[in-house]
Structure formats: C-alpha cells, structure tokens
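Here the protein sequences line up with chains A and B, keeping their order. The opening residue of the first sequence carries number 1 in our numbering; numbering runs sequentially from there. The opening residue of the second sequence carries number 1001 in our numbering; numbering runs sequentially from there.
No lab work stands behind these hints: they were computed from the structure. Just so it is clear, CB atoms sit at the ideal spot from N, CA and C, and this is done for glycine as well. One thing to keep in mind: the hints can contain errors.
Claimed, not checked - Computed list of lysine to aspartate or glutamate pairs in EDC-like fashion (alpha-carbon distance at most 20 Å, straight line):
1. B:Lys1403 with A:Glu3
2. B:Lys1494 with A:Glu261
3. B:Lys1070 with A:Asp216
4. B:Lys1403 with A:Asp70
5. B:Lys1403 with A:Glu261
6. B:Lys1070 with A:Glu86
7. B:Lys1070 with A:Glu261
8. A:Lys7 with B:Glu1115
9. B:Lys1448 with A:Asp199
10. B:Lys1103 with B:Glu1115
11. B:Lys1285 with B:Asp1356
What the hints assert, rightly or not - Partner residues are not named here, just some residues of chain B that face chain A (Cβ under 7 Å, in silico):
12. Ser1075
13. Gly1077
14. Asn1434
15. Gly1503
16. Lys1505
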Amino acid sequence: MEEIYAKFVSQKISKTRWRPVPPGSLQTTETFATGSWDNEENYVSLWSIGDFGNLDSDGGFEGDHQLLCDIRHHGDVMDLQFFDQERIVAASSTGCVTVFLHHPNNQTLSVSQQWTAAHHHTGPGSPSCSSAPCTGVVCSNPEIVTVGEDGRINLFRADHKEAIRTIDNADSSTLHAVTFLRTPEILTVNSIGQLKIWDFRQQGNEPSQILSLTGDRVPLHCVDRHPNQQHVVATGGQDGMLSIWDVRQGTMPVSLLKAHEAEMWEVHFHPSNPDHLFTCSEDGSLWHWDASTDVPEKSSLFYQGGRNSTFLSHSISNQANVHQSLISSWLINDPTKDRIEITSLLPNRTLSVNSLDVLGPCLVCGTDAEAIYVTRQLFS
Amino acid sequence: MEELDSEPTVTLIPGVNSQKKQMCFDWGPGEMLVCETSFNKKEKSDMVPGCPFIHIIRKNEDVYSQILRKLFNESHGIFVGLQRIEEELTGKSRKTQLVRVSKNYRSVIRACLEEMHQLAIAGKDPAIGRQFSIQVSSLSAMELIWNLCEILFIEVAPAGPLLLHLLDWVQLHVCEVDSLSADVLGSENPSKHERFWNLVTVLVLQGRLDEARQMLSKEADSSPTSAGMCRILGDLMRTMPVLSPGNTQTLTELELKWQHWHEECERHLQDGTFASSPHLESLCKVMLGDEAALLEQKGLLSTWYHFLVSRLLYSHPTVKPTDLHFYAQSSLDLFLGGESSPEPLDNILMAAFEFDIHQVIKECSIALIAQPLLWIQHERVPLAGICLRTLCSSQPVAAGERKALKVLRVCEQRQMTEQVRSICKILAMKAVRNNRLGSALSWSIRAKDAAFATLVSDRFLREYCERGCFSDLDLIDNLGPAMMLSDRLTFLGKYREFHRLYGEKRFVDAASLLLSLMTSQIAPRSFWMTLLTDALPLLEQKQVIFSAEQTYELMRCLEDLTSERPVRGEPDAQQLQDDDVETTKVEMLRLALARNLARSVIKEGSLEGS
C-alpha cells in the first residue's frame, strides 16, 4: 500500500464517502463527498481525485484531491450516504435529514428534500421543540432509514414528505448506527452495547431480535454487514473492540478482537473483497484487517510484513457450532488455522480519524486534524 | 516585524446611538456581548427607549484563518509525531532526525506563506490585501528566526560549516536577487543593464561567486578594455578557498589557504590592477572584507544580518560559534550607525547569535504581545482548545453526544476524573429529562457514578409502581455486570428477574429470590410492601412454595415493617382511607402467611415432604 495523499482542508471532517460507480461500469470511483463538524459553518463538499496516470515524478501534486463544490449544512454532519449517483443524504446534529442534489453540469449542490424534525426529544422534562441529533442514516433506493439520539427509527422514502414509518422509543438509549440486513430488515446498535434487528414487515414496535455482549455494556458506535453473507455483521465499540457477529446464531458475538485504544468510529467490509476489513478510531489510526487465507507466506505464526503490521490472534468468546458449509473467514473459530494480518495505513498517528470509506482500490478517510487522506492503490 | 501602525478598526453597532448612550460589554469565548445601557454620556439619563437588543460580536472569519488552520494542523501533527518518536531518538541519528523535523516544520510554514502570498497579490480588496501582507511578513519573520535557530541550536554547526549554513540562510531569505537576476539576464544586453553591477555586487555579497564570474565574463565579452581585469578578478573569485561539505581538509588548512588568497587579493589592490574600473575595485575591496566597502553596499545588503554574514565570509570564514555574537553586535551597530534602534526582530536574532535560547523565547513573546494580529490569538489549537472548553463551559454537552465523547476521551487520557464525572453527570441528567433512561444509565456507568445509577433505578421503580409494568425492558433485562454499579440497580435487575421467573412459572426459584431481596437488604424499605404483596399469589398457590423457614422470615419482615409505622397526628380523610388499605393488606398478608406456615409445617412433617 503505497502513495497516500494528505490534504489539509481547514475543517474537521466527520464523514467521507465515495460516490458509487454506475452498476456494470468498469471505472473506478473518482469522486467522494465529505461532511464537516464542529465549525460555526459546516459544509457538505464534493471532491474529485482527478485522472489516473497524472501522477508526476515529484510525488504527485497532481494526485491531490480537488474541491468540486460545497454547500452549507446546518449543524454537524453526523452521517452521510450516497442515495444514488446524484443525491447525497446528510444527517444533522439538529435532528434534520437533508437530501442534497449534485448538478454536474455547473458543479453545484442544492437541497432537494429535507425532513426537519426527523429526530427530537419528547420527554416530560424536555421543551416542546427540543431537537435531538440524527446519528445514522442508511439508504437503499428508494428508502432511507435514520436513527438518532432520541432512540427513534424513521423510514423515509425519497419524494415523500412524511415518514413512511416511525418507531418511537425504539430504544431507551442512543442509537448510534444502522445498516440493512436484508431489505425489509435493519440492524441498529446502541449505547448500551446491544444490536437490535427490526423487521419493517411486522407491525409492532419491538425488535425481532436482540443481541448483546456478555461482559460490560460498552456502547457500540458503528456497524457494517458483510457484503455477501448477510448474517455476518461487524461492530466497533467505545473501547475500540471489534466484534464479529453471526445473527443467526445465538445472541453473543462470534469473536472479539482487541483493536484500537479508543472509540472505533467506523468499520467497513470491503464491498468487493470482503476478506478485508477497515476500521478507524479516535486514537488516530486506521487499520486494514486482512483475513484472506490465500497468501502462501502465511505459514508462520508471526508474520512480519508490510508497514507497522502486527499479528493478533482471535480471542474466542463462544464455541458455537458453525456450519462449515458457508464459511466466512471472519467466523472461523480455530485460532491455529486463521491469521489476520493487520496494517496501519496512516503514516503518522493524528487526531481522531472520524470516518473512512473503501471502494475498489480506493480509500478515503477524514480526521479531526482537518485533513483528508486518499489512496488509490489499496492492494498494491 | 511591523509595529501596530494602523488605527484599530471601528465597528458600529446597529441600532445603538453611540453619541447619546453608553454601551456595556462582556467578553466570552471568542465573542463579545454588547448592549446599550440607560446611562447617558452627558448628565442625566434620558427616559428615551433605546435599542432593546443584545449584540454578539465575533471576529470575522477571514480567509487567512483558513490557511492558518492548515498551518496549525500540520504543525500539530509534526509536533505530536515528534513527541512519539522522541524516546527512540538516541545517538547520532538523533540530530539528523531533529533537523529533519525542523525542516518539516519550516516547509509547512513556507507552504502557508506561499498560499497567503498568492492570495495577497490576487485579492481585489486592498484592506484584505494589506492584512494578508502583514501576515505574510510575520510568518516569514518567523521562518527566518526558526531557520537561524535550527542552524545554531539543532544543527549545532561547528566552525567552518557554520558559515556555509549561514550563507544558505541569507540566500534563502533575500529573494530579490532572483528577480533582479531574471531582470538583468532577460534584457538584451545584460552587461549594459543599469542594475548590472548591482547584481554582480549582490552575488558577491552572498558568496555566489560562480554566478558572479559568469556575469563578469559577459562584461568581458562586451567591453574588451576591461576584459583583462575581469579575467583576473574572476580568477580570484574562482580560487577563493571554501570549505566544501565532505572535504577532508581541516580548518587550519583552510585558514592557511585563505590567508594566502587574501594576501593575493590585497596585492592586486595595492598594485592598482583594478584602478581603472571603480566597480571592479570596490568588488575587490568587498572580497577583502573591507568594512567601509561593505557598508557602502547597505542598500543591497538591506539587513544587518546580511552584512554580518558577508563580513564573516570575507574576513573570518572559520568563525567559531562562540565568537558569533561579537561580530553580530558590531555588525548591528555598524549597520544601524546610530540612526535607528533595533527592532524586535533584531533583538530576537541577536539573542540567537548569543546562543541564549531563553532570551530568544523571551524576545519572541515580547514581540508577540505587541502584535495582536499574529496567529497566536487564534485559539484553534485542537487539544488545548478542547481542554479549555471543557473547563469553561457546558458547551460540549449542548453540542450533542459526539463532541462530549471526544472531550471525555481527552479528559480520561489526562486523568481529569473530576471533569469526566461532571460531564457525565450533566449528560445523564439531560438524558433523564428527555426520558432516555438507557442513555442515562450508560453515562452513569461511564462515570462509575453509583449515586446516579441509583437515581435512574428509582425512576424505573417509580414508573413500575405507577404503571404496574416496566418500561424499557430491553434495558433492564440486559443489564449485565453493570447491575453491580449500585445496590438499587442490582435490586432492579433482580426484581425484574423475579417477574421473569414468575412468568415462566418457576415459582420456587421466584420465591427464594423474592425472599433474598428482602433479607439481603438491597430492597429499599419503601418497596417492601410491594414485595410482600408480590408474595401473596405465591402464598395462595395450591402447592406449598414457601418452606416453613422462609415463611418465618417473611413474617419477620412483615413485623419489621409494621412496627416501624409512625404514629400519625391528625389523620385526614385520605390518610384514613390509605391507612385502611394498608391495614387490610397487612391483615391479608398475615392470614396468608399463617395459612402457608400451617401447610408447610404439615408438608415438611409428613413423609413425602422431607
């Protein structure tokens, strides 16, 4: 993993997301969106990483990402997702969910739709218009699901003014993140260390399943589902622990991996190489977890390769019976057989890495040190 | 560095009649509150309604602060990186590493300088352009000082290489040479350019003798009369002994050779070789280190430290670091010539030449105080800012959980446990007010705040008493080890477990759990009645659930409870009614307990019961 470009952009970056490529296209992605936070004026911005092959000999000034356009955003950008090629959904700390539309012909962004009070507090002690931050958003065209600090889950549909479905008080604590399991099912994580699965086909306001850690109720901050195996889910917690869950099996995680020294903000399976996982954390590091088993050198227990790579063995929490038919390398229980190679991708430790995204050979991440890092050679 | 030579900008507050009324103000974090008072500037206050608003004044986020933020963040990253590798730096590599870090810092400053300079010349608004220019000169002064400190304190160059470094330093910071050179060389006939000799002189002053020689050869080509002299001077330039890096000659050798060369130049001067060309003659005098000749070139030198370096180059090239300050002081005095006094920048550089690092820092801080526009006023340094904010205000809480989490992490890393507790408490209270009991519990767990956990549990229990059922079962059922945080929380968890056991019809287990809740004293006294009432259905079951022993315990608990009842004064209707209900309950319990005792005694006494 070579060339990683840093650019200081004078705003703390809370979210970075690659624009998806049109299905069937052979191109790699060239544009990413960022959201800022903790400024008096926050922005949602679009950046371009330009053409390939334009890296010149002196280290790639050409390789820098350039700002295409930006638009003012009220409140911190708490989450950001591309709804489709042109539209971006942003979740705000004011409880508002906004859909931005990108106009490629004149390179501008505009507000296409907004749900202003998607998240708010309604307790007996809270004033009548007390807003609550919207902490997570996930899209599956045409649906948008949002969760917030008010413990509410909203299901929106693009171009519908009102929410299609709202589950009030779905959780007594803060919902930190949400992801789709299968299209009518979502999975949320909260600040008392629970995963809850909700089925929109059911009418009630109860989750269809609750999973949690056996030990301390450490808040979970992020979740991601395996791209191919929809029952495999990874979560990251406040103590920097990475947990892998099989939602079909029991209520406890399959494995717990001691990872970062502080909150893990985001975890992502690589969409096309799911044996690779990426995590970023408040401790200022971004880790690449490689669980692929087809590398011949991996015969010894301690593989010293790559830059700053270390070896970690699994710590198994539960000897559940895993059916061998659908083995994901993440669910393998035998510590002598599996090896995960972990590499730290950022050259120096910085302030918190708040967000990352991977698509194809490209990775982008944003930090509290007001820098964006991009690499286009993730697997070189 | 500039002095504050411009008037402070005046900002008019809209709606306030500053002629008639007085204003009051108060400072806040980065902002100012201003409002009109009812005091009149003249004698009596008018009863005229004034401006009813309170204004918040904030400094305009100028564009240059955007650039400065990049400077902060990059340099902060370098700083933190340096802290981390500091322990690993030992021995010889330590110096090279530190020099590299220093150069890194400087390149960051230069990049910032570049960007600001571009904006300064590109901008349309002259006021903003002026701001930029001031910032640019402040930053370049900073880089100048830093560079010198790097040479003297980090590189710790010894005699010999010291001069080479100083020459680099001067060359880097006097940029007019390149533009002058481009000007002259770009013209049709360079040697006839009006500033040709200026160029040659300044090249000599900077020790760039090869380039000076090339200039002289142009002159030789264009005017054959002076060709011979040019050639001789060029030879002198070529043969001047310099210490080249990697050269193995010792300092003494260099001094000897230099002495010979110096004498040769002297001879040419005495012989009047260059007598017919005043330009060439003055150049020769410069190369001899003649102070008067150097001082004549004040305009080209432009600064005393340039004068110092040129002087050293041509009179004491093997100067020792410890002798620097003599020459520095005399150079400063000679250059200023009593016409002007040293500026802050001069004092800082002088302190550096004296190798007095504390004085350097002191002089810098004196200069900074006088310079309100400098970058230090921007409090966007991330780490310090976060800590300050934590201590000053509840801002992190108001902004939402994400920011509070980051602040908490910073506090925990610095063992600021009191701050952690107070922030968690504020967040927990806010959560309780918003009916987010799970969040409240989560915050009390983080702060290890047993008292607050008790508060949250009481809230749950109260809701149970009022509604007859538990809210937020997902939370209570899954407390896990957090249950141990406070007794009340443990009780809550266990009580819920009792309900679950009862629901699963595991009556014996439910019964013993219920009893243990009372006998182990974790149940609050106020709840005992409820617990005993919960025991009723178990006592009324067809099969005997409570053993005789357990029944005795229950009876004891009941007696404890009833014996404590305070005697009320004047009972009113409601209290009488309540008392009635209470008495009925107690009687029912007594009856049920007695019946159960009877049954259990029989059961235990008979054969199959043992």
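With the threshold set at 20 Å, check whether the alpha-carbon distance from lysine 1403 of chain B to glutamate 261 of chain A stays at or below it.
18 Å, holds
Minimum Cβ distance from asparagine 1434 of chain B to chain A below 7 Å?
4 Å, holds
Should the hint that glycine 1077 of chain B touches chain A count as held when the rule is a Cβ pair under 7 Å?
6 Å, holds
Given the hinted pair lysine 1070 of chain B and glutamate 86 of chain A, is their Cα-Cα distance within 20 Å?
Distance of about 30 Å is beyond 20 Å: violated.
Closer than 7 Å between Cβ atoms is the bar; does serine 1075 of chain B clear it against chain A? Give me holds or violated.
10 Å, violated
Measure nothing beyond the straight line between the CA atoms of lysine 1403 of chain B and glutamate 3 of chain A; if it is 20 Å or shorter, mark the hint as holding.
32 Å, violated
Hint check: lysine 1070 of chain B vs aspartate 216 of chain A, CA-CA at most 20 Å. Holds or violated?
40 Å, violated
Interface hint for lysine 1505 of chain B, Cβ within 7 Å of any Cβ on chain A:
23 Å, violated
Does lysine 1448 of chain B pair with aspartate 199 of chain A here, judged by a C-alpha cut-off of 20 Å?
35 Å, violated
For the pair supplied as a hint, lysine 1285 of chain B and aspartate 1356 of chain B, is the alpha-carbon distance within the 20 Å limit?
34 Å, violated
Compare the distance between the alpha carbons of lysine 7 of chain A and glutamate 1115 of chain B with 20 Å, and conclude whether the hinted pair is satisfied.
Holds, because 14 Å separates the two Cα atoms, which is no more than 20 Å.
Would the hint linking lysine 1103 of chain B and glutamate 1115 of chain B be met if the CA-CA limit is 20 Å?
18 Å, holds
In summary, the structure is inconsistent with hints 1, 2, 3, 4, 6, 7, 9, 11, 12, 15, 16 from the numbered list given earlier, while agreeing with the others.
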